[in-house]
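A.B. asks: Chain by chain, the residues:
Protein chains: 2
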Amino acid sequence: MQEIGKSAKHASATLALCSTEDKNSALYGAAKAIRAASNKILEANKKDMDIAKGRGLTGAMLDRLMLDQQRVEEIAVSIENIAKLNDPIGDILETKKRPNGLNITRIRVPLGVIGVIFESRPNVTADAGVLCLKSGNASILRCGSESAHSSRSIHACLLDGLKSARLPQTAIQLIPTQDRAAVGELLKLSEYIDIIVPRGGKSLIERVQNDSRVPVMAHLDGICHVYVDADADIKKAVEITVNAKMRRTGVCGSAETLLIDKKVVKSHLPAILEALDQKGCEIRGDEQVIGFFDKAVPATEQDWHTEYLEAIISVKIVDGVKGAIDHIAKYGSHHTDSIITENASNAEQFLNQVDSAIVIHNASTQFADGGEFGMGAEIGISTGKMHARGPVGLEQLTSYKYQVRGNGQTRP
Amino acid sequence: MQEIGKSAKHASATLALCSTEDKNSALYGAAKAIRAASNKILEANKKDMDIAKGRGLTGAMLDRLMLDQQRVEEIAVSIENIAKLNDPIGDILETKKRPNGLNITRIRVPLGVIGVIFESRPNVTADAGVLCLKSGNASILRCGSESAHSSRSIHACLLDGLKSARLPQTAIQLIPTQDRAAVGELLKLSEYIDIIVPRGGKSLIERVQNDSRVPVMAHLDGICHVYVDADADIKKAVEITVNAKMRRTGVCGSAETLLIDKKVVKSHLPAILEALDQKGCEIRGDEQVIGFFDKAVPATEQDWHTEYLEAIISVKIVDGVKGAIDHIAKYGSHHTDSIITENASNAEQFLNQVDSAIVIHNASTQFADGGEFGMGAEIGISTGKMHARGPVGLEQLTSYKYQVRGNGQTRP
Chain Z
1 MQEIGKSAKH
11 ASATLALCST
21 EDKNSALYGA
31 AKAIRAASNK
41 ILEANKKDMD
51 IAKGRGLTGA
61 MLDRLMLDQQ
71 RVEEIAVSIE
81 NIAKLNDPIG
91 DILETKKRPN
101 GLNITRIRVP
111 LGVIGVIFES
121 RPNVTADAGV
131 LCLKSGNASI
141 LRCGSESAHS
151 SRSIHACLLD
161 GLKSARLPQT
171 AIQLIPTQDR
181 AAVGELLKLS
191 EYIDIIVPRG
201 GKSLIERVQN
211 DSRVPVMAHL
221 DGICHVYVDA
231 DADIKKAVEI
241 TVNAKMRRTG
251 VCGSAETLLI
261 DKKVVKSHLP
271 AILEALDQKG
281 CEIRGDEQVI
291 GFFDKAVPAT
301 EQDWHTEYLE
311 AIISVKIVDG
321 VKGAIDHIAK
331 YGSHHTDSII
341 TENASNAEQF
351 LNQVDSAIVI
361 HNASTQFADG
371 GEFGMGAEIG
381 ISTGKMHARG
391 PVGLEQLTSY
401 KYQVRGNGQT
411 RP
Chain R
1 MQEIGKSAKH
11 ASATLALCST
21 EDKNSALYGA
31 AKAIRAASNK
41 ILEANKKDMD
51 IAKGRGLTGA
61 MLDRLMLDQQ
71 RVEEIAVSIE
81 NIAKLNDPIG
91 DILETKKRPN
101 GLNITRIRVP
111 LGVIGVIFES
121 RPNVTADAGV
131 LCLKSGNASI
141 LRCGSESAHS
151 SRSIHACLLD
161 GLKSARLPQT
171 AIQLIPTQDR
181 AAVGELLKLS
191 EYIDIIVPRG
201 GKSLIERVQN
211 DSRVPVMAHL
221 DGICHVYVDA
231 DADIKKAVEI
241 TVNAKMRRTG
251 VCGSAETLLI
261 DKKVVKSHLP
271 AILEALDQKG
281 CEIRGDEQVI
291 GFFDKAVPAT
301 EQDWHTEYLE
311 AIISVKIVDG
321 VKGAIDHIAK
331 YGSHHTDSII
341 TENASNAEQF
351 LNQVDSAIVI
361 HNASTQFADG
371 GEFGMGAEIG
381 ISTGKMHARG
391 PVGLEQLTSY
401 KYQVRGNGQT
411 RP
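Residue numbers (the working numbering), protein chains in the order written: chain Z, 1 to 412; chain R, 1 to 412.
No lab work stands behind these hints: they were computed from the structure.
Source: prediction; values computed, not measured.
Just to be clear, a hint being listed does not mean it is correct.
[Claimed, not checked] Calculated cross-link-like contacts (lysine to aspartate or glutamate; reagent style EDC-like; alpha-carbon spacing at most 20 Å):
#  : chain 1 : residue 1 : chain 2 : residue 2
1  : R       : 188       : Z       : 211
2  : Z       : 9         : R       : 326
3  : R       : 262       : R       : 307
4  : Z       : 188       : R       : 326
5  : Z       : 202       : R       : 3
6  : R       : 96        : Z       : 395
7  : R       : 96        : Z       : 348
8  : Z       : 6         : R       : 68
9  : Z       : 188       : Z       : 211
10 : R       : 6         : Z       : 326
11 : Z       : 96        : R       : 233
12 : R       : 202       : Z       : 191
13 : Z       : 97        : R       : 395
14 : R       : 96        : Z       : 160
15 : Z       : 330       : R       : 395
16 : R       : 330       : Z       : 326
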């Protein structure tokens, strides 16, 4: 692992100075290699799938792991899309001329070496390696053991791309999954790794956050709320709540809890719950909620803390926007929360006082996504406040430096 | 400590929404209280000084600890200067209108709760508490045991300021130094503390970096280099080197190592070393350096790794700008490094390839300072790449959030 870290650091110095053209050439080369190797990748994936089935993995997990021709093509297209994005490196963020004549320029530079630890989805191998490369960073990737064969075959294509652009092969390294101690060692390599990005379930992220000696950019899953205010438009309330919960239930921006002002429980709640129920969503609420909707089942304290990632929603009646803000402060995960209201003052109060990476007025929480924010691609959503908050795209994978130009100035 | 953390988190919610006027009113109130209590503060400082002398503390340490009327006045002025700075909270960093009509605004918000752990200088109590307050953050301060009485008396004035502005007393908390386990507990309070800023010697910073479960913004001391290029103007080389090393030797931006291109050793080195020697600087170099300047003493490998923070400089002859860049990559601390040259291409190579927070052409490394960068005040210099790099002022003590305004959008 020391060797892997050292060679990544070495490669990062080359990448930091490498032209956009060279980086893009490696990306287009990788996409081409993916297409050319699609049969090999599918064979490798079949091995992973067979092992997974043998281990008794469930449907959703198998689906995350599975590749077919279309998904392989999507990986190639996704690489090409990242190649088309603006290269953030070298962007001038700020310039200042000081009274003593010093010219100070703050310019964007890569972070250096990024360690990415992820689970199951084999396409993350390409996504993560390619986002790091485009942002001028070397990467050390560690996939889950269940996708070992698939990831290795995809990684080989990334190496082909690097080779075709004459960039160092150590710019994107994949750690062998056989080495079970590797994750622990990776988290201690603060000499060589600048930042660790864990992508996966809560237990992985918690382990990384607890054990890492390297700074972690955490992409925790989200307990997202939709709050239906007293002044909510009922049509918007129904449509947004259903979309926020049911568009895709397994993404981190999906809503887990519906909050509703007690003043409009009678007028608004039945229609919302009816629509959710029709989409197949289980509804958990307190006695009052069950009173309004008899298919609802009782919610426990634990429900307010739970990210279901399934077609289940917890429903709570609150006292106005203040009640909603307090509930979110207590149970939220600082990810994404939305208020539905026609009352501008309540909307602004919510947007200002809810301490989440993304706060939304009259739109679905499922917009919490780098693509939807116009970033082109994301490696995840950060719920921490250090460095990047919200969607983490190319720009969020960078740092900056100050270049100061003088003509002999000394400090008095 | 749990209680302290919890109450700080609670206070941070108030501070995040508090007006610039209220924050400034607390700051001016604190400055006024400092002036009114100057005799009390000096008495408290005398207790600390007596204990320190009894413990046999040395001159430089006693000087750092010592307060007199002028230094107390400087603390008050420094608070007033921070009150005059622009309030960064609420600044709009970016706005976007998406094709689906969503308006996305990225606005600056406070980090939340900042833990500051520092040593000896009692004025840091005021500086740190006040910078955190102005940037909308609650703070938990932990001073060194040697400045316990002085810090407590200054902290009392900050509380007066908070009281006069009707802000919560828990907005700036000082942990009793008697509680020796407190630092360890502080570093584990990730539920309540958003970021830890250690200020002090290397052993403190290393301990914090190793033990903290809370993200750390590290202000490590710096091994700063001056590189005299083959195309250096000799007058600039002499003046800048002397200033970079000798203006103040105890600051993190002072130069520790002089690198010089072998081509100009004969022409430039004697004048530079002569000037340093006249200012009382000890010179350490290899045999060749000693050959040119017989007062020089031999340097060992350890010298290139050493931040003297004293009137000592290590001198090394290198092979051109590439040699300088390689030396800095191996021994530098990513803080501040300067090239002296009239050759624009060499200058740009150095500015681009040296991986430090601050890279300088033809000016002194001692400009590495938030004030000199026009930030008004700083809590230190960050040598890490996460979050803030270089001087850490008010803006660097903030995060951001996305406010998304829609009119009923759901995600397809």
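A.B. asks: If a hint holds in the structure, say so; if it doesn't, say that too.
C.D. replies: Results for each hint:
no., hint, in the structure
1, 188/R / 211/Z, "holds, 13 Å"
2, 9/Z / 326/R, "holds, 14 Å"
3, 262/R / 307/R, "violated, 24 Å"
4, 188/Z / 326/R, "violated, 25 Å"
5, 202/Z / 3/R, "violated, 27 Å"
6, 96/R / 395/Z, "holds, 16 Å"
7, 96/R / 348/Z, "holds, 18 Å"
8, 6/Z / 68/R, "violated, 51 Å"
9, 188/Z / 211/Z, "holds, 8 Å"
10, 6/R / 326/Z, "holds, 15 Å"
11, 96/Z / 233/R, "violated, 25 Å"
12, 202/R / 191/Z, "holds, 16 Å"
13, 97/Z / 395/R, "holds, 19 Å"
14, 96/R / 160/Z, "violated, 37 Å"
15, 330/Z / 395/R, "violated, 28 Å"
16, 330/R / 326/Z, "violated, 51 Å"
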